[in-house]
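Order-wise, the sequence lines are chains A and B.
Following this note's numbering, the numbering of the first sequence begins with 34 at its first residue and continues without gaps.
Following this note's numbering, the numbering of the second sequence begins with 3 at its first residue and continues without gaps.
Worth double-checking, as some hints may not be accurate.
[What the hints assert, rightly or not] Chain A side only, calculated, beta carbon under 8 Å to chain B, not exhaustive:
no. : residue
1   : T125
2   : M128
3   : A148
4   : E154
5   : Q164
6   : E234
7   : P248
8   : S292
9   : I302
10  : N304
11  : H305
[To be verified] Mimicking DSSO-like on lysine-lysine, the simulated pairs with C-alpha atoms at most 27 Å apart in a straight line are:
no. : chain 1 : residue 1 : chain 2 : residue 2
12  : A       : K252      : B       : K243
13  : A       : K267      : B       : K262
14  : B       : K448      : B       : K474
15  : A       : K228      : B       : K243
16  : B       : K382      : A       : K301
17  : A       : K137      : B       : K262
18  : A       : K267      : B       : K243
Hint data in this document are derived by calculation from the structure and do not stem from the laboratory.
Just so you know, even glycine gets a beta-carbon here, dropped at the ideal spot from N, CA and C.
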Amino acid sequence: MAEIKRRDEAPKPEKEPKKTETSASGVSRREFLVGSGAGVAGLVIGGVIGNQVIGKPAAPAVEAPAAEAPAEGEVSLYKAGYNLVFDSVQCTGCMICAEACSEKYATFLHPEETANVVSLEFARIRPMRFQYVDVINVCSYCNLYEWAEGSSEFPCEAVCPEDAIITVPEGEGEEGYYGMGYKWVDREKCLGIDKCWRCAEICEDQFASGMSFDPIDRKAQVCSRCGGDPECVKACPEPGALTWVPAARNGRYFANHPSDYAELLYRKIYNHVREL
Amino acid sequence: MADLFGITGKIARVDLTTETVTVIEPAEEIYRKYLGGSAMGAYFLFKEGIFDPKLDPLGPDNLLQFMIGPVTGAAPNARITLVTKSPYNIFCASTCGGHFGSELKYAGWDGIQVVGKASKPVYLAVMDDTIEIRDASHVWGKGVEEAELILKSEVLAELESREGMIRDADLNPEWAALRPPKRLGMHAKRLAHVMAIGPGGENQVWYSCVVTEGARAAGRWGAGAVMGSKNLKAVVVRGTKGHKLADKKTFLALVSGIQKSERGDYFWRSYGTAGIGANSAYVEDAFPIRNWQWCSWADPHVKAITGPFMDQTSFVRKVSCYGCNLHCLYPVEVTSSDPLMDGTMSDMPDWEAMGMVGGNLGYMEMDGVDPDKPFTGSVKDQAEHLAKLQYTTFIHDDNSLDFIEGGANIALLMELVQRGFIDSGDLDGIDLQWGDVHAVDELVKKICARDGIGDKLAQGTYETARYFAELKGKPEIMNYSMTAHHYGQPAHDVRSPADKNAMEYVTVNRACAHTGGGTAGFKTGDWAAAIAGQNVSAAQNSLVHCQFPAGHWAGSRIDLIKAATGWSDFSDEDLQLVGAREYALSRLFEIHIRQLKDPKAEWDRQVPPRWFNDPLPTGSQKGAVAYEGKPDVLFNEALPAYWKERGWTEDKGVPTLDTLKKLGIDDVAGTVASEHL
Ligand code: SF4
Ligand code: SF4
Ligand code: SF4
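Only chain B is shown next, with the shape it has when bound in the complex (with noise of 0.2 Å):
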């Protein structure tokens, strides 16, 4: 084989039912045509069958990719993409920051896959091309805080990990007489980098996440469940062969490039996506507020979701991923009169969880005051309700659990409440009322342990709604489930027409997405422009890096590609057509492994009723409904038209096998499609 660069040519696959790993060396062609991460996460969804409809995600054949891209590595803001079959029964391709990406680079590989279940809890220890399955009995059970600085040290490189040689012959006699008794040997560097699942991945939570370094999360879709099910606990990984590049000093100068220019953005470098809360919720009114019932408060005094007041309440460092100079994480130690927060230590809150685990659970107003009253409280007050918003963060993370669908499922509960439809009796006697902590860290608690009521709400909020629907034979209740395509909403809303609009939701391939990208193209109804938007970001995802800094990248993202790899013909167009392979084999999956019959009715209607039934009661945007009241506009002219322009059928939204083969992936999913077209 040619000698490779930016890539390594070879993805582990580890199979925990045989205790084997064998490695995969996909052709070069087929890095060219995905990339790596969330596109090359799709192809291998199809190549080996995962689409299958009865395969069950949370069963052992069920594919699990740990996967990165050509520049991933010693590219700054590097991240790694998770793709799996979700619990939730749709794609899941979700990214993570950090340092991990990079050291699976380093250690020589382009994605890790695993497939199969272990018979009892694992973790994959990586260090180069040594992979070894171990016990990970002594992590189990253990928050992912604990257990990551435990299997950190437990994978050391060769020459980390010596015995001790010195003897007392070597030093001098006054030096010998001091030295403490204990002989450490050589086992001080920490350089392994850790992926683990809390309590809630091991029991299998669908929203479960997978994180690393605390606080970095591959949020969405459940692929901590995936995980979980596989009793896989953590991969730890330590590379040192390091990354090979075609022209290091091209690809080099392009690097310093992107991180000079990230130097002088001090939106991130002063408070990262806390510096949107303002905007959101006063300027946009589109922030969560009580289940979205309200998108702003009308007090601007409301300002603990701002990234000023959060830093002086309480941020204490600036942490980046690898190579970044956005340094957007700001660790905490929360400080509260309330013991069952103080002193524990959190990140922020980011925007997301602001919104999902903040606002949302009507943590930010006095008692028994609604959002459109002026603010009552003091400064005092306001910290304290951030001191929640920190701690609810925190028991989200340390268990592994999304925020956002967590957020959503709480808020759901809280609605019910208020409205009457559930009361504590549902709930194993939690009386869960807005902004309410110690109710909503009970809740949690059980829905990470499945115990009681937290086995059915451990389905998501979607599960949820329909559960107690059922339940109380009230279909209404339907109506407060904030999720599209069956998973929760972010914290960012598509009423207010100054935030998302509607068709980003609808047709992101990756189920509610925020990152999914295209904003400016849905606003003015310009589909290629719409389209072009989506696949930047989906190949961003298969690069791997953060879309953080996007604008950085912007300019030297396809010469980067070609430094990395030496494909000196790699175009814009090329970039385009790995996003557009992405679509149309997640699109693919989810009417397959769904079985859908009419997509539109069945799959991509399936929004939250609130968008169309109930205007914006205050703010800016008063009156606002998304799409402007006319979802039969939406789904009826818009959605075909962008369907169409994806070379897609504009009934169904199926890929067209005309299509395909212009895409170059007619191969691996023409017979799929020719099942649904």
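Only chain A is shown next, with the shape it has when bound in the complex (with noise of 0.2 Å):
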């Protein structure tokens, strides 16, 4: 199993991005995973961006603030070894953290087509509603035990046949995300919801239902956690619902499905049994 070390301080500056091994697909993996250490943020603009180029000089002023490497003794907004945590008793399903994850990466991954859209499909949080209770969403990073099915990997990454789903490791990776090793989708090797669809269900099948797709490119979308300053913990309103905290680790037993979470909450809350 893949260890991911706790630390609440900024990753130490990388002069030079790491080597990666060239994949089967004979493209380089660091080709779109350019380095981009907090020290050096702002040269490079990765190219996991759907079929756009890959590796394209930055653009003098971009949008998103690239992170200032922290002063000695600060504490960086990107923590590893940090998980996000739900408390949907504490939501009140009002759907800014949706909106807000939503709006980051269509902004991100589809700038034009979406510049005059707000939509909530390229969310990767979604709340539910269930009536009386909410149902807080997003992928739980379910790193599933060896022991048990053979595998230290995220199940949807377990069955991705083109091996799209990656772990981008510390300190790499898109401008922004720097402090933990986060999620992400090849969207250059995802076939798109027209082709496949094994992701979204192993993980609606056995865990949650935390892939989606977006509506533009039709390509599988997962919460990053942002790369550790996850948007919609900023954006949520209520105290306690979304909280991004040193945490425990194997994310398996925090994923419901949706209605059977909505279940346990009708029972916690409300004492009540409800089939839904």
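Since each chain sits alone in its own frame, please combine them into the complex, following the hints.
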């Protein structure tokens, strides 16, 4: 099982991006996971953006503020070994997290197509209302126990025939995503909903409902924890509904099929047994 | 057509008789005039000839409209307005929160209009451009709670409804061996939103509402009965298209400004409307107690109607509408020593419920103790009183009944029993005493089923009073009907000068609405200010956004409309005109469908006699009556002056042709107006 150590400080700036091995397709993974440690932020915009140019030079004025390397002793926003903890009892179902997330990724991946549209369909977090309960539905990062399924990958990662679901190592990857190793869909490789939906299916069959597909490229999308600085957590108005904390790792114990989770919440909150 | 922003330019028109769906594409000019929601709904009532006096509100020709506006979608506090000809033969424009309105925009529609009548129970499944009329026999007869959860799972986006494709070969052998046998495919997402009716609507109880998310309702004026008359159980919508905005950046900046401002609003964020209770009962002396015989308790220990007590007793969560930071709905699980109520899931009660199916039904006092006596119970008794209130809220919501009109109806009966006009023999053996939740429960069941006496009571408070007045040969029974324009008065009184002014209920365009606005203007006799308040409120119902955060919207509303639509010259004045148009149209609508020859005598004066007959017996405003006891000043001076300010005739309150021209609606309403001028 890949270990991610907890760390509350920013990673050390890396002068040289790490080398990664060439993948089976012959395309070097490094080419689209351009190194971008905090210290060298803003040099390159990475190329995991749909079909767009790989590794093109950054425009001088980028919208997303590049993270500054924190001064000595200062705590960075970007934290490794942290997890997103959600409490659906505190959630009010306002969808502000979903709108924030969707907006972030729509602008990031499809800036032109979405220049005039607000949509929730790009959201990686989709709370669902089951009347009196709201289920916060987002990928749980359920790395499997090796002794059970014979794998330590994410289930969705394990079933992907194209190896499109990847974990970007700490300190690498997209500009603005520094701290932790984050989960990402390589949109070059993903076959898209019209050919394959194995990742979504295994998730909905056995775990939760963390995968969705964007309506433009129809490629898989999943929560990346924004690389350590989750937009949804910042947007959520309800104390305790979404928190970013140093937390237990094996996410499969956080994962719930949405309607199962709703049933549990009915039991917990209202003492009710409801079939959903 | 030029690109449209904010609006989609499309309204679906579903004919349930012919099972066809067509698309109406109103010109952008129409949207600028009416925005959407209530004003646009009023326009269609004219355009489609629903003003025909012979058109039966519960017949197939009536038009039921689910309307949203240009900011509904990505804007916070989204609502939807249901516009139709009410079973009471009045104008119905009833709004409802939740997520349904936003989702409808995301599906690419500005509204759904339903005409005709299905041959068997159906529901509408709206999945973006596709609208299907589907069989609803499996949910017919079910309460809204159960029906909603079932229907929600039946409408999935295309991406969400694939069958399974994973084979064992896709997994490693250990995993394949462990994998549970059931293969679900991809049906886990539950992103559709539902508006549904319960048995009350199915049986066309006049005051039935349309409910979403268990406890949010387009509550008043009987849209649920119209839905039931069409055999339409529910509308389910799932939208993936998003909301197109002319200037997204500005729009989102305004939205986050509104949301930030809401975040500091701890009145709403603490108890929602439940925070008003004590103020109304003890400070304003304007709380409905026992069919408005009292408006305050002698003893401030009656605290089960206060937010803090409810919260300490039962609030378990907070629930928002789309994008809202006020989360005014607080679900509860009722805890009671009475098995009838114990364990019921309900909400709050909100302000109107605690008044209308709480104080008004005599739930808050100990047995045999009048409201003007000290409270003799304990905190446990108060918790039981709250339970009754929450339970009664639940039976109304789940059966899709308006608990304001429902509470008025039952309280009327209780007072008639108290005064000896009727007894259990008139109520199929139910002994209806103040505070008896079991009797209320039985009666509501009868009303929903239209069983026995329930069939008479299903036509609402005013008709109930009329029925018994005739049956008993006692016209004075009408004195206890707390209805203005034949519809139940909500939980704000007009006798206490600290709460609403009688003119507000007399002039509001939706019978006896408490959300019509203009209070300050009415109190000071500043008709222009009162009208401006009413117009803004109507415009809010056309945009459509919630009125609770109106203060947080006030500075941004026009800019938000501009950013959404790109109508860069849209102004406050235009917003006022939207409201003025709705008022003119709805006034003409009611005059025409009721064929009023002398509207003032036949209609405007139809207010609760108690306003003037029965001074407040106790409390801070003891002795007060409505309009300082001067109904003639109200109806013969104030009302004509108000009409004049609106550009309506002073004798009948009919919008003049000149006014209609100025409003740009003479083409739609001129002919009708000339019949009544
Ligand atoms: S929740 Fe779903 S998407 Fe997330 S890791 Fe688990 S299986 Fe994958
Ligand atoms: S922003 Fe917070 S409260 Fe709102 S839906 Fe998301 S998790 Fe729930
Ligand atoms: S205040 Fe209440 S009704 Fe209004 S938008 Fe917020 S949650 Fe909905």
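Here is what the structure says about each hint:
no.	hint	result
1	T125	holds, 4 Å
2	M128	holds, 6 Å
3	A148	holds, 7 Å
4	E154	holds, 5 Å
5	Q164	holds, 4 Å
6	E234	holds, 5 Å
7	P248	holds, 6 Å
8	S292	holds, 6 Å
9	I302	holds, 5 Å
10	N304	holds, 6 Å
11	H305	holds, 6 Å
12	K252(A) <-> K243(B)	holds, 16 Å
13	K267(A) <-> K262(B)	holds, 12 Å
14	K448(B) <-> K474(B)	holds, 22 Å
15	K228(A) <-> K243(B)	holds, 22 Å
16	K382(B) <-> K301(A)	holds, 24 Å
17	K137(A) <-> K262(B)	holds, 19 Å
18	K267(A) <-> K243(B)	holds, 25 Å
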